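So the chains spell out like this:
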Amino acid sequence: MRLAAPETVTFTQSGFCPGCGHGLAVRLIAEVMEEMGLSEKLLAVVDVACGSLNIDSWRFDTIMAAHGRPIATAVGVKKVRPGNLVMAYIGDGAAYSIGMAETMHTALRNDNVVALVINNSLYGMTGGQCAPTSLPGQITTSTPKGKDPKKAGMPFRVEEAFTGFDIAYLARASMADAKGMIQAKKYVRKAFEKHRNGEGFCLVELLSPCPTNLNMTPVKSVRRIKDEMIPYFPLGEFKDKKREE
Amino acid sequence: MAKVLLKGNEALAEAALAAGCRFYSGYPITPQTEILEYLSWRMEEVGGEFIQAESELAGINMVLGAAAAGARALTTSSGPGFSLKQEGISYLVASDLPAVIVDVMRIGTGLGDIAQGQGDYWQLTRGGGHGDYHTLVLAPASVQENADMMAEAFDLAEKYRHPVLIASDAAIGQMIEAVEIPEFREHDINKYEWTIKGCKKGCEQRKIQNVYYTNPNYETYLKEKYDEMEREEQRYENVCVEDAEVVLVAYGISSRVCREAVETARAEGFKLGMIRPITLWPFPVKAFSEAKEAKAFLTVEMNILGQMMDDVKLATNANYAVDHYGSIFEIPEADGIIAKAKDMWKKGEI
Amino acid sequence: MGNKKEEKVYTNPARCKGCGYCINTCPQEAIQVSDHVNAKGYNTVVVDDSKCVVCGMCYRVCPDYVFEIK
Chain A
1 MRLAAPETVT
11 FTQSGFCPGC
21 GHGLAVRLIA
31 EVMEEMGLSE
41 KLLAVVDVAC
51 GSLNIDSWRF
61 DTIMAAHGRP
71 IATAVGVKKV
81 RPGNLVMAYI
91 GDGAAYSIGM
101 AETMHTALRN
111 DNVVALVINN
121 SLYGMTGGQC
131 APTSLPGQIT
141 TSTPKGKDPK
151 KAGMPFRVEE
161 AFTGFDIAYL
171 ARASMADAKG
181 MIQAKKYVRK
191 AFEKHRNGEG
201 FCLVELLSPC
211 PTNLNMTPVK
221 SVRRIKDEMI
231 PYFPLGEFKD
241 KKREE
Chain B
1001 MAKVLLKGNE
1011 ALAEAALAAG
1021 CRFYSGYPIT
1031 PQTEILEYLS
1041 WRMEEVGGEF
1051 IQAESELAGI
1061 NMVLGAAAAG
1071 ARALTTSSGP
1081 GFSLKQEGIS
1091 YLVASDLPAV
1101 IVDVMRIGTG
1111 LGDIAQGQGD
1121 YWQLTRGGGH
1131 GDYHTLVLAP
1141 ASVQENADMM
1151 AEAFDLAEKY
1161 RHPVLIASDA
1171 AIGQMIEAVE
1181 IPEFREHDIN
1191 KYEWTIKGCK
1201 KGCEQRKIQN
1211 VYYTNPNYET
1221 YLKEKYDEME
1231 REEQRYENVC
1241 VEDAEVVLVA
1251 YGISSRVCRE
1261 AVETARAEGF
1271 KLGMIRPITL
1281 WPFPVKAFSE
1291 AKEAKAFLTV
1301 EMNILGQMMD
1311 DVKLATNANY
1321 AVDHYGSIFE
1331 IPEADGIIAK
1341 AKDMWKKGEI
Chain C
2001 MGNKKEEKVY
2011 TNPARCKGCG
2021 YCINTCPQEA
2031 IQVSDHVNAK
2041 GYNTVVVDDS
2051 KCVVCGMCYR
2061 VCPDYVFEIK
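Just so you know, the sequences run in chain order A, B and C.
All residue numbers for the first sequence refer to this note's numbering, where the first residue is 1 and numbers rise by one.
All residue numbers for the second sequence refer to this note's numbering, where the first residue is 1001 and numbers rise by one.
All residue numbers for the third sequence refer to this note's numbering, where the first residue is 2001 and numbers rise by one.
Hints may be right or wrong, so weigh each one.
[What the hints assert, rightly or not] Here are the computed lysine-lysine pairs in the DSSO-like style, where the Cα-Cα straight-line distance is at most 27 Å:
#1 A:K185 to B:K1201
#2 B:K1295 to B:K1225
#3 A:K41 to B:K1313
#4 B:K1225 to B:K1286
#5 A:K179 to A:K190
#6 C:K2008 to A:K241
#7 A:K186 to B:K1271
#8 A:K186 to B:K1225
#9 C:K2070 to B:K1200
#10 B:K1225 to A:K41
#11 B:K1200 to A:K190
#12 C:K2008 to A:K186
#13 C:K2051 to A:K220
#14 B:K1225 to B:K1313
#15 A:K41 to B:K1200
#16 A:K241 to C:K2040
#17 C:K2070 to C:K2040
#18 A:K41 to A:K220
#19 B:K1271 to B:K1223
#20 B:K1159 to B:K1225
#21 A:K185 to B:K1207
#22 C:K2040 to A:K220
#23 B:K1200 to A:K185
#24 B:K1225 to B:K1200
#25 C:K2008 to A:K179
#26 A:K179 to C:K2070
#27 B:K1295 to B:K1271
#28 A:K150 to C:K2040
#29 A:K150 to A:K186
#30 B:K1223 to B:K1201
#31 A:K41 to B:K1346
#32 B:K1225 to A:K190
#33 A:K150 to A:K226
#34 C:K2040 to A:K186
#35 C:K2070 to B:K1201
[Stated by the list, open to error] Partner residues are not named here, just some residues of chain A that face chain B (Cβ under 7 Å, in silico):
#36 C17
#37 P18
#38 E40
#39 I55
#40 T73
Please keep in mind that the hints were generated in silico from the structure rather than gathered at the bench.
As the structure is a computational prediction, the values presented were derived from the model and not from experiment.
The beta-carbon is built from N, C-alpha and C at its ideal position, and this holds for glycine as well.
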C-alpha cells in the first residue's frame, strides 16, 4: 500500500483553516482523477467562497466563477469542450440558495456535468451565517438565538427535491472519518465515471467540517457531523439512473 | 454573397454565426427574442451549441464558461434582462474574458415598455455592473450594421480579452432591410493558449479568475488597456460637420432621422451637421475637433434625461451650449430636431 | 494491511495545522502532538513507529497532506 497525495495537488498556497474539509475533498477529486487516468482532462469551476482557494490547491485548469453560478458556468464549458470532464465545486449556500435555480435547471436538462457540493451547514467565507442546510436550533451569526424552522424552514435535503429529476446520479457521503472518506471516494469516482460515459448530471454532496465557524475544535466538528448532521442528512445513493434502468 | 431581406435581430444572429460564434445562451425578452428564436434552430445547423437558459443570470454565466473554454460566445437581452446580465459582465471583465453581449434597448426604467428606447446609455457606457470598468460599446444604425458589427465585436473582444457590448434598439432589431451577411469563418477554440483545455503534466495550470489575483501590475495593466481602447478604438461618422453651426449628436436609430434633418436644414440654408458615435464607449472625442464653426451641440436621444449630454460636454470641454432633443415612445422627427437646433443657433447669435 | 518491514508512515510537519483528526482516528493510538512548532505556528504530530501498523487511516482523514506511506 502506497499512499501519497496525487501529483495534481499543490500545497504552496493552501490557506484553509485547521480541520477544514476542503482539503479532504480536493484530495478525493485528485485521487479519483489519477486513478481514472484523467487528471489532464478535468476542467474545474469553483465558487467564490472558501472553495475558491482550490484554484491554488490543485493543478487542474480552473475558472473561479460568480457566487452560485459555477454549475451554469460548467455547463457552458462542457458544451464547448465535450471531450473534457467538467466539474463545478461549490458549497451548500451556492448550490441550494443563491444558485438553486441554476442547480435545479441543470438537473432538469440533465446536463452532463458533475457538481460536488460541500455541505458544512453554514456560510463559511462570510463568517458562519445561517444556510438553507443549517440545522434547527443551530446558532449562527445570523441566527444568534438558534435557527427557527418556523421562520427559516427546515434544512434543505437535496434528495427530497432532486430524485424526481431525470438525472444520472445523486449521492451523499460524509468526510467526518476514514470510513466516510472511503465511501465519499467511491461516490465521487462513480459520479465521474458516469460523467465520462455521458450519462448526465451527477451531484455528490459531501458533509464537511467547518470548525472555525462552528466555534468548535476540529475533532468536535467532525463528531457533530456524525451526531447531528448524518441523522438529518442520510448518507447513500439516492439516484443511480443506469442501475434503475 | 447576395443581399437578402432580414429583420435586424435575425441579421445580427446570422452574422454572429458568420463571425464564428458557436455558443449562445439567452432568455426571451421583447424586443430581442427573435435572436434567441433564430439561433434555436440555426445554431445546430452550423454545429454550435444553443441553450435557452433559465434566466439571464444563468445565460451570462454559461457564456462566461464557454468563453473561458475558447468559444466565441454570445448572449442577448433587453432592458430588464440586460440589468441581470451585469453580474456576469463584471466577472467577464475581471477575468479577462472576451464575449459579446447585445442589448436591444427598449424604453423606460423598471419594466418600461417594449417600444424602442435609448435609455440604457449610461448603463452601457459607465460599466453597468459593480466595480471599476468600461466595456467597448458598438452602436449599429441599420440592419446591415447589425450584421457587420458582429465580427468586429468578436475581434475587439479577443484583441482586448474584454466583453464588447452592442447597443441595438427595438427599431433596429425589428425593422426589415436588405442586408449582406459577411463571409462565414470558423473560430478555433484552441487559438489562444489561455483558454482552459486540460492541464498537461508538467505544464502550467490555467486559471481564469480576477486578474488582480494573478497580475501584480493589475492597476497599470487595466489602466493601460482602457487608455489603449480610448486611443485606438474611437469610431464615428461625421456628416457635414466642418462648417456646421449647430451639430447634432446621435447614434443608432436616432442618427438616421438626424441625417434627414441635416439634409433638410441644409436645403433651407441652415448649416446643420451631425456627429454619429459608432462607439458609445470609448466616446468619439476625436470627432469633435472637426466642428470648427459650431456654436452649439444638440444630442438627439430617445430618453428623458439626455444621457449623452455629459459626454458631449466633456468632449467639448464644456465650452459650448449643449442641449437635448428627447423623444419618448416615438422615434424623433426631423422637423422637431431642426426647430430646436435653430432655436439654439438663435440663442448663440444673441 | 501493510508490511511493516517495507512500509512506513512519513510525515511532513511543515504542512500540519494541528487539527487532530489523525490522533482521533488512529486505531493504534500511535500519533501524538509533539512539542515541535512549525513555521505556521502549529504544534505538529509525531508517529510512534513501534505502535503503527501502517493502516493508512491517518492519510485518509488528514486535510493537509501531512502523511505519506511508502
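Hint numbers not upheld by this structure, sorted from lowest to highest: Checked against the structure, the hints that fail are numbers 2, 3, 6, 7, 8, 10, 16, 18, 19, 24, 28, 29, 30, 31, 32, 34, 36, 37, while the rest are satisfied.
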